[in-house]
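Asks: Below are the chains, spelled out letter by letter.
Protein chains: 2
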Amino acid sequence: MPDSNPLVLFMPSGRRGHFPKGTPVLDAARQLGVYVESVCGGRGICGRCQIEVQEGQFAKHKITSSNDHISAPGPKELRYAEKRELKPGRRLSCSATIQGDLVIDVPQDTVVNAQIVRKAATTRLIERNAAVRLCYVEVDEPDMHKPLGDLDRIKAALKREWGYETLEVDFRLLPRVQKILRDGEWAVTAAIHHDRETGTPHIIDLWPGLHNAAWGIACDIGSTTIAMHLVSLLSGRVVASSGTPNPQIRFGEDLMSRVSYVMMNPDGAEKMTAAVREAINELIGKVCGEVNVHESDILDLVFVGNPVMHHLFLGIDPTELGGAPFALAVSGAVHLNAAELDLRANAGARVYVLPCIAGHVGADSAAATLSEGPYRQDEMMLLVDVGTNAEIVLGNRERVVACSSPTGPAFEGAEISGGQRAAPGAIERVRIDPETLEPRYRVIGSELWSDGPGFDEATKEVGVTGICGSGIIEVIAEMFLAGIISVDGVIDGSLAEKSPRIVASGRTFSYVLKHGEPAITITQNDVRAIQLAKAALYAGVKLLMAKQEVDHVDLIRLAGAFGSYIDPKYAMVLGLIPDCDLDKVKAVGNAAGDGALMALLNRGYRREIEETVRTIHKVETALEPDFQRLFVDAMAFPNKTDPFPKLSAAVKLPEPKALVGAGNGENRGADNGRRRRRRPR
Amino acid sequence: MPDSNPLVLFMPSGRRGHFPKGTPVLDAARQLGVYVESVCGGRGICGRCQIEVQEGQFAKHKITSSNDHISAPGPKELRYAEKRELKPGRRLSCSATIQGDLVIDVPQDTVVNAQIVRKAATTRLIERNAAVRLCYVEVDEPDMHKPLGDLDRIKAALKREWGYETLEVDFRLLPRVQKILRDGEWAVTAAIHHDRETGTPHIIDLWPGLHNAAWGIACDIGSTTIAMHLVSLLSGRVVASSGTPNPQIRFGEDLMSRVSYVMMNPDGAEKMTAAVREAINELIGKVCGEVNVHESDILDLVFVGNPVMHHLFLGIDPTELGGAPFALAVSGAVHLNAAELDLRANAGARVYVLPCIAGHVGADSAAATLSEGPYRQDEMMLLVDVGTNAEIVLGNRERVVACSSPTGPAFEGAEISGGQRAAPGAIERVRIDPETLEPRYRVIGSELWSDGPGFDEATKEVGVTGICGSGIIEVIAEMFLAGIISVDGVIDGSLAEKSPRIVASGRTFSYVLKHGEPAITITQNDVRAIQLAKAALYAGVKLLMAKQEVDHVDLIRLAGAFGSYIDPKYAMVLGLIPDCDLDKVKAVGNAAGDGALMALLNRGYRREIEETVRTIHKVETALEPDFQRLFVDAMAFPNKTDPFPKLSAAVKLPEPKALVGAGNGENRGADNGRRRRRRPR
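Chain order of the listed sequences is P and V.
This note's numbering numbers the first residue of the first sequence as 1 and each following residue consecutively.
This note's numbering numbers the first residue of the second sequence as 1 and each following residue consecutively.
If we strip away everything but chain P, and leave its shape as in the complex, we get (with noise of 0.2 angstroms):
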């Protein structure tokens, strides 16, 4: 027999029910799992369980939805409406009942059970489940017969309207709970915070009466910059984002300058320590500033960052870090109060930090790993994190393995003759034209080509001062392509006759991407710095696909900076990436930002990344006796062995060619050589 009761329909969820006539349309979507946020409790003032009607025949549900169908507004309503403005259509859910068929939808802005993250390429769900929650309450008045205690009280209406059995109590709020609970007139607010796995949950602050608001801080602790969100615990909304360069620059430019300067430096963590919290802290009042948030409204941060950061934020000496066998003080996920690192917060909040996979993969590679999912699919996803070191995750729903490979700073514009890092004036996009051998390039800060019209104009003011990572690549890439490079990395002196941008430059030739001041030259040390850059991440790529068994990877996910402004083509030509349909490799942004906010918005993330790392196979190169085979073989470009056939169908790679004799004692064999296997020498 059909069930009688009328029909409910939850959008965007599609979950879907029969419910008695009468019911709250809140307590029919808390049965059907749909997340409707709630603050008060179902009284009508918190205003953040709204929902709307959806009329028309939905033929596909088989549903008929009227306006008909729902009580019509009750005194709540109206008293919501008249104090606080109710947008018309928009229903109180907890007031509003159900009086026939019904298809519901739960608005994106207010409530939700959803997150939208924009990002260069998707746009992503992520389910709420906040670590901390408000609950209003209205709490019993003293009785001389039951005396029990106001925090006592407070917490029997938690158990009662909210159903925490047991409750724990920041002790710093006991001396304030009389004056609130009187100011409040017997109702309070309360933020309770439920992260930790087994632990009971705590009440970290209290408001009288209603408190509606609750912000969370997801950061993302970069070598060279501080990228952070804030977010709205109850609506799911990313209100403000910004960075900040990181401080500890100037106590050193990469890591391990930096590790070595706590070495030297008896206060030298302390310093960066310090540092790194301050620039922290005058973030998170940047963007509370940017759309008045209140500090003490931040209930919840989280944390990401590389192993030196992650140790240098929690005050932790990073020197284990810096030689094998590179030991982390603590690699699971850290717990903690903001109070205890002096953050600008609720001085209740809590902190988490999400786990380091590795001594050299650390919470930022595990945020990427939430963000992109590897463990979620059955496709063998390649996830590749480009700084210093490459930070590389190889996996599927079956098995994820991960390693770090030490790539150096090439890619970042360093330790190349007229490299500079991602700034306006940087070349990032270069075209060599292979009869003429003459280049063409954009700059960061315009859209136009250096042969077009307008060029020198629009670049006028910022010149063109060097090239950027992506430059590079491209610059590379296209000399190879051009046949200017071979798949060695040995620039062609023999064509200095066919063009002047090649030119000798004692016993190698360079190429000249832009003649005047400053010039800027591609040197063979250039192209050299990039090989080892390049085959360093290839290596540690083919030896994780090794231990993986496979000879080719599904998908592709580059992230962060470097990743998100090169070409995906070019890095395959070049052969940082292997073999892949070049629609399956994607920039993914700030991956580890991303995975930060996750964490933040649900608790269920933080127990799944958790749970990840544990049974993620770590790799460490420097024990590995095949890396250094590898790493040599990938000096070639694309890379000595492995062919590239989907590369090969979409790009026309240049036919191998034996350079002789190139004015350089560097060529190793220029044979094709990369159908078949060698020993390095």
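By construction, these hints were calculated from the structure, which means they are not laboratory data.
Because the structure is a prediction, the values reported are computed rather than measured.
Given that identical chains are not distinguished, each listed pair holds provided it fits within a single copy or across any two copies.
Lysine-lysine pairs mimicking DSS-like chemistry, simulated, CA-CA at most 30 angstroms apart:
#1 K514 to K460
#2 K21 to K62
#3 K179 to K271
Given chain P, put chain V in place with the hints provided.
Replies: Just chain V now, kept in the frame of chain P:
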């Protein structure tokens, strides 16, 4: 078929069982639930698990025990004996194995599952199960193949060796983990705290290698005196006990004057909080100094106190306790970190404060209830702690009721003409010859009676300066027994003819206890003050008896300083306490301090008293319509409405006589009203 394995009997617990030959004695003890401490986890280095074999035939237990039935000392024991010394006969139970039938003695002094608390009249065993335990572990060295952090490997070792599935870690320790682990050459001792009912155990400190000291503090914060025990959490022994005056006395002698001080002074609560914490810190320094204990080895502290002391200690404004409805800020047990109170203890030490029963019945009463345990037995026990208020608890296994009654300060010697605090020179014992009405007395500091030889010599230095609480009870009771005072409390002026001790003073009469300088005289007002105080106490007792629907009590426990000094017989003669076999009335000293000690040594007692306090029926005398009538009835000696058959059997009570017109207007009908119900006028 009888078990052919050897039989092992553990003393003093008497637990027994059969175990295969070769079983370590420690394992056998564990299996039987006999608590034998071990810090090092059976490595033979901590020496905490010592036992002794009792040799001989134990006919009662049908067992013959011999040192031949235990394994010869192995290398671990020999090494320990060499390095640390092992007393003759002592064995390490982790190393010694069962080879035949054994009677094993678990010595009190090293180990133990028992703690001797010396009390006025009793010795009790406290089974040990402290909230903090020390766990020594050997930790894996860092491994690049399994890149777990230092802390994570410590946790893994604690799981492997001690069975801890989940552990939280105080954040403060993170920056120290690396050095501790390396200083200990990959061995550490962790202090693990497991207090909270539902929470995860916490690592609160770490030491390199073996750390073999863990201390606790049990403290009773009285309005007048702060009393403290220093206890080994490993052996259970109390090694130092001390007390200090509560420095809050300078803000107000009694509780209400301290609350008034807070009401009048904006920083009053803050100053009193600082004062009491400072005094506690000094006391911690004193007890530690006496026995050379490092304050940093204090890992757990338990505090009790009345509601006002409780609030001021925790930094909570006690103003609400100054008037109806006498709302406590918190009534449940409080858990916090010692650092939050700036206490002199380990930086990770935890504090536990027992629950309060009601706005006038505090954590001290809860502790006394825990110590005396009315709820653990079938007999109806009355537990009375007399101070400015009397806290009264009455109950048995079935049900416990409690109230507070406003006795005022008369019992403490205040508001009494010759009254003084209990101190050398104060009269504490009095006898009056019923024929001659001549008194004799003893003073604190001397064993001699005033009419005996050597008294003047013995008291020459301190003199006879006044009369303390117990002396007042005795002198008035003796005056009553001698017929000087009527059942209604009127001093019989007609006796002035018979004895020069009875003198007129205005319209009433007085009794001169001591001539000379200072003269000590018991005035009619003094008798009235004691009558009011005892009537309040007795009315409270009667109210609780009515709640319990009983007409007698089986056991009486007198707690606190006053209870320790008064003679139960005189207390009953005056009707402070109800009729009871005199040998069932016991003074139990600082029962609150004993309860604190129990909660320190066994966290099971914390849960027990929390549960008990939840179920205690709280009676607020101010709300009870019967209280006023009971109070008026209780003004008579011993009481207007109750028979005292057991007391009468032991003490010859005077025949009530009418005292009409005894020179004042206070005679309210000196009939033989003790067996008649009367309504208050």
